[in-house]
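Following the hints, put chain B in place on chain A, whose structure we already have.
There are 2 protein chains.
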Amino acid sequence: MKAIQVGLLGLGTVGGGTLTVLRRNAEEIARRAGREICVTHAAVRNLDKAQALAGQGLVLTTDSFAVVNNPSIDIVVELIGGINPARELVMQAIANGKHVVTANKALIAKHGNEIFAAAQAMGVMVAFEAAVAGGIPVIKAIREGLAGNRIEWLCGIINGTCNFILSEMRDKGAAFADVLREAQAKGYAEADPTFDIEGIDAAHKLTILSAIAFGVPMQFDAAHIEGISKLAAEDIAFAEQLGYRIKLLGISKRHANGIELRVHPTLIPAKRLIANVEGVMNAVLVKGDAVGPTLYYGAGAGSEPTASAVVADLVDVTRLITADPHHRVPHLAFQPDQLSPLPVLPMVETETACYLRMRAMDRPGVLAEVTRILSEQGISIDAMIQKPCAEGENLANVVLLTHLAREGAVDVAIANIEALEAISGKVTRLRMESLA
Amino acid sequence: MKAIQVGLLGLGTVGGGTLTVLRRNAEEIARRAGREICVTHAAVRNLDKAQALAGQGLVLTTDSFAVVNNPSIDIVVELIGGINPARELVMQAIANGKHVVTANKALIAKHGNEIFAAAQAMGVMVAFEAAVAGGIPVIKAIREGLAGNRIEWLCGIINGTCNFILSEMRDKGAAFADVLREAQAKGYAEADPTFDIEGIDAAHKLTILSAIAFGVPMQFDAAHIEGISKLAAEDIAFAEQLGYRIKLLGISKRHANGIELRVHPTLIPAKRLIANVEGVMNAVLVKGDAVGPTLYYGAGAGSEPTASAVVADLVDVTRLITADPHHRVPHLAFQPDQLSPLPVLPMVETETACYLRMRAMDRPGVLAEVTRILSEQGISIDAMIQKPCAEGENLANVVLLTHLAREGAVDVAIANIEALEAISGKVTRLRMESLA
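Line by line, the protein sequences are chains A and B.
Going by numbering that gives the first Met the number 0, the letters in the first sequence line up with residues 0 to 435, in that order.
Going by numbering that gives the first Met the number 0, the letters in the second sequence line up with residues 0 to 435, in that order.
Chain A with its partners taken away, still in its complex shape:
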């Protein structure tokens, strides 16, 4: 059969990796796919820089639309990232009847609904395995491998930058700002790290995972997002003392009336497998009603790990390129006319156990006041530790673990505790998940 002709948009970290992997493993990939997959065109920013990587037999251009509009190209691979012009390019490729493979999580999380509708109308595929958790085939696992299950919840360590920072903070007892500088020096964090450390990147990926797990449209704007930039080293140490690790998790759960969609630092039992995922590695834990908990682990970023997912999508698309659309796996795992209207629940309705740390004056009666406030909100206490603060201060760090409590009730209790004369400053609140 004729080779499949691929046009790459972007020849940076992931684009370069994709070209390298496709060329290095060309023979083995053709043995799998049943035909060759050739990159024939690539759109780049800097022709001179790209020429060395591209070598012979690959037409380079600075005009991305020329690639998207080239009639010889079967599949467009969008690896430039960001919303504009990626969105226009993908929409134009679809309008031209081309299939699309993308690693662009922001684009899919924010404009996936529109993109999939257009693809559906044109009878083309848009594949996005590389958009979540890099090389881990977790989109395929959820969408196809767990197709017999009613998925109950999922959670993931889906931002390697944050997981590296949290691993180092725990290992070395170091402060956030110091470890962030180390991560930047190692190339694990960007010069402007906001997208990663504030949880936005994780929320993009969680939005995509949630959509394919529950058969709902992308609802990124409704996600609750907290990052790790305010996390104190002492909270990591207290958590460890209590048998927990703190991870930045993306969490999505299904209830009868809606889904939870939230990214925040989370205390999880240290003995859970996912608690032991360290450094820049990613992992996604998925709970199905039939299969129980399953976990998928691997590199969540990087040139060749992400290229691994891009090429797997290229093989899938190649295999089904002449098939009727009903032979293909639906974009969001469920048939497009069968999506669920479940809304995202407001964060105040979420129920979690909580870790609460406060600085309290070391005098009788303070704890009684705190527990009275919690009790008024129907919040019961599971465990407590108390440690003197720095010398010279008449303050103690009081850490409470609560049983399951409604977020809204905890909000009220925290406001009331902070209003106590004997409490200094803000209450630190972290959510807990048993993942059982």
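To be clear, the hints were calculated from the coordinates, so they are not data collected in a lab.
Keep in mind it's a predicted model, so treat the numbers as computed, not measured.
Where hints are given, some of them may not hold.
What the hints assert, rightly or not - Mimicking DSS-like on lysine-lysine, the simulated pairs with C-alpha atoms at most 25 Å apart in a straight line are:
id, chain 1, residue 1, chain 2, residue 2
1, B, Lys185, A, Lys270
2, B, Lys185, A, Lys286
3, B, Lys48, B, Lys229
The following block gives chain B in isolation, referenced to the frame of chain A:
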């Protein structure tokens, strides 16, 4: 579209689970697959016992061939296990142009080549996700999710019985025989546990994983198989002291001249994620050249976890049932005319680091003799510990960890060490893997 009609062979643990999951999640499964999947016929051993489970709308028979030969049935699901009559039934179903889903690892590992050739000739699919690691979609991950990679090696905890026994032996310092009895009482081990504890079941699954990872035919008869029945509690304790866990691993690696295919108890660094997979859970670690290491974890057995894989296969087959065969994923991941002739390497050519434990007389010069013998075979020592044996004996347990050494050289060294007058009894040899 018309509902897909499924005939079940066997309504035991997995068959019953499959029926339950298909019925409970019928609405969600149809939303995914685009049409209903209905079990219309089931062949069982005992009609009375099956009737309660089957309920209305399902025709029961004791004649499996009647199901396989029924023209109304689209997909035959073989869940009776064993070779005969499963093999005849599957071959007959294929000859009748029916697609097959099976959880039968022994059948696929031993007769997969013949079965896939017949399926290929008839243009039907034979899906076997449930044959390896129960509900973990690891066949799909390797065959499709990692399709861009040249897979270098894989290893798996793929027998829950053995992993439960090893976890308990370590936790409680208990002897193998005691934990085996506990496992039998809990239903984690069969009355005759040979298939599990001697590594045969793991070797069936490893054979399948190896075939799809490297694109080679099934070569079960060439596998090296050792179980856990001879493992001593003291070796687990020594391993722990040295920073290792002992797991029964199925290991397959690719070399230029062949593949390794071996099942044996293995020391692995305690800090590896897979070392922390405990109890009856399964996990498979796959190293691809682009993606690096990836791990897949979940329940490896049980009614609904295995049913989860069976139903996922049913959805896949349903989706592609009217597609041209070239749109489908090849049975062994590679196109059938593109399999590799790589043979399984003889075990004596395998290179691993080793754990060697011997009971040596506590007198000067013994260690010098042992190290001389190892050195003669080109084997160098990485670490050593020595502990007195039981009181009243003038013997010490000497444990040596070697660097990488050829199996054949270690065989010779062990024979020479055992011939020493100062060494009592046999040398215990366990292989080590760094999994890096």
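Okay, the hints, checked on the actual structure:
For the hint pairing Lys185(B) with Lys270(A), the CA-to-CA distance comes to about 23 Å; that is within 25 Å, so the pair holds. This hinted pair checks out: Lys185(B) and Lys286(A) have alpha carbons roughly 24 Å apart, not beyond 25 Å. The straight-line distance between the Cα atoms of Lys48(B) and Lys229(B) is roughly 40 Å, outside the 25 Å bound, and the hint therefore fails.
Checked against the numbered hints above, the structure breaks only hint 3 and satisfies the rest.
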